[in-house]
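Respectively, the protein sequence lines represent chains A and B.
For the first sequence, position 191 matches number 191 in our numbering, and the numbering has no gaps at all.
For the second sequence, position 85 matches number 1085 in our numbering, and the numbering has no gaps at all.
Calculated from the structure, these hints are not laboratory results.
Among the hints, a few may not be true.
Some but not every residue of chain A turned toward chain B, in silico, with C-beta under 8 Å [said to hold, decoys possible]:
no.	residue
1	K13
2	E21
3	R102
4	I104
5	F106
6	I110
7	V262
8	Y263
9	K266
10	K270
11	A272
12	V275
Cβ coordinates follow ideal geometry from the N, Cα and C atoms, glycine included.
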Amino acid sequence: MYRAMKKSNIFSKRNRVLIKELVKTDFKLRYQGSLLGVAWSVLKPLMLFIVMYLVFVKFLRFTDGTPSYPIVLLLGISVWGFVTEATSVGMQSIVSRGDLMRKINFPKYIIIISSVASSSIGLFINLAVVLVFAAFTGVSLTRFALLAPISILQLCVLVVGTSLILSALYVKYRDISHIWDVILQIVFYSMPIIYPLTLVSKSYPVIAKLMMLNPVAQIIQDLRHNLVAPSTVPTVWNVVNNFWIAIIPIVLTFVIFIVGVVYFRKNSKKFAEIV
Amino acid sequence: MNKKDDIALEIKNVSKSFHLPTEQASGIKQAFINWTKGIKGYEEQQVLRDISFEVKKGDFFGIVGRNGSGKSTLLKIISGIYTTDGGSVEVHGKLVPFIELGVGFNPELTGRENIYMNGAMLGFSNAEVDLMYNEIVDFAELPDFMDQKLKNYSSGMQVRLAFSIAIKAQGDILVLDEVLAVGDEAFQRKCNTFFNQIKKDKSKTVILVTHNMDSVREYCNRAMLLQDGSVDFIGNPNKIADRYSDINLYKSKKDTVVDRNKSRILATIISNRVLRPDDTLELEIIYKASSVEPIFAKAFIDLDGHPVMATNPRLLGWDSMITKDTNEHIVIYSLPLKSFNKGEYKVIALLEDLNTKTNIANYGYDGETIITIENSDKSSSGGFLVNQAKMYLKK
């Protein structure tokens, strides 16, 4: 039993300062020594976008035919990029900070929060790029845009929850990183990111509905619908008619988060000894 | 005043064991194999056994012990890094741990950024670091380098910066693990002054782990000796330091007899092995000759390979010391240490053949009979020979 006079709560001043410092350092060091610096945060998804646009939209014609589809594609890729990066970095964050944990006592979840927070900086830069592109192609924001922050919040909750589970598992089993790579690939192709949902729902309506129960798919479609193309992007809310089934992705998000918090708390006390 | 108010740290019945993996089990496959075979996959190692002690506010508390005695584990438990198996740890006040200097230092950041980063790690807000910042930089003597990246610092500069943060951090309880010997001589002197100052400051508590008995004697007002994970002794730092030196000497003792021509000699120190100039060294020498030639025992004190003090019965004309049989003889040797100063000395016993004037047996060259002489309580003046010169005021 360890008792100190001042109990630090989750968002105490000390912990906020530490998260801020960690995120600041992380971001400062990310593009250390590169010529273009922060510009890479924008350039990387843009290059990927150009490749995907040429391959899937121009040659394979995986498009719903609307003029805003390229923007929809870019938004999807940006969000997916965030999910991949945040969970992969988050998974390894506890192990990579092992040295620190053996020297000093601080709440371990701070590592996860700061790692997801620094990945989210990239997401916000990309979202800004998407909005600028959207403005150029004549897409105007509607009142739906007000719902976008809710989706982003849900995305962060989902990613933090996943990272908590993965990072705690990774401390014990290093195999997790390989397994997670495969899972990410499967999830990527099982979602309407590089192809429109209509492509699937035309011939397999049930599978399209199942796809939308994935929280990541639900979040991406919601963001696309609310920010860029309210009229052409289907979401879980209009694909699935039953309300109780439609909220499954949101329920899943919170289940993952709670499981993550519980599992992480149970294991975090021993991190310093195992890592 | 409540009794609890003057206690900074209270440790009760703390035990700790580690699971050491017997096989590389950081994979799912190995975990599964272990599970199917019913193998635990680890060995339990008890590191701390039922440790209890208190540190009062204002104490300068030393923790000493041989390597592997559990000092660092105990310090990590105090700092909240490790959990305990049983027992309780109560900390009253803000505890600032320095298990290692410069935790979280990043070579790519500037000195200034690293101070803030390190401060955040230790639980200080930016405003609090602002208040300490100038003192830290001044103490480290690095005001011109604060906007340089840490990787461009010399290693001495890095350590100075880290150490300055450690001692200028405004906590109530400072936990230091073996970090005193850093920097050049001038910096050392500065640290010395600082520690003497903090020793007097009754609002600050320091817990220090060290192998350096001089710092235990100089700074600590209480100390604890750990041995094999248990508390051996708590109390007066001088006593602890003596006891620690004593344990170390016994560990290096080897009970082998060096013999030649089958004549044998063995020496045992019967006084303390850790002595002061006021004490007398007492030695028991046992010898047995292989023939009936006249022989005698002699002894000398050796410092770093140079004899500093020899006692030879032949030269002194002590004829009663000479024996001419093959029986076992016992010689008692005593030496007042008044003119000796601090140091580690070997005591060498020799058996000399009177006719040939050669040594036929020796004991102690391998360090079986090392003694440590500490500074006297009265004076700690330097120089090899103490109090030999006379002085008077002429005018």
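Which hint numbers doesn't this structure obey?
6, 7, 8, 9 and 12
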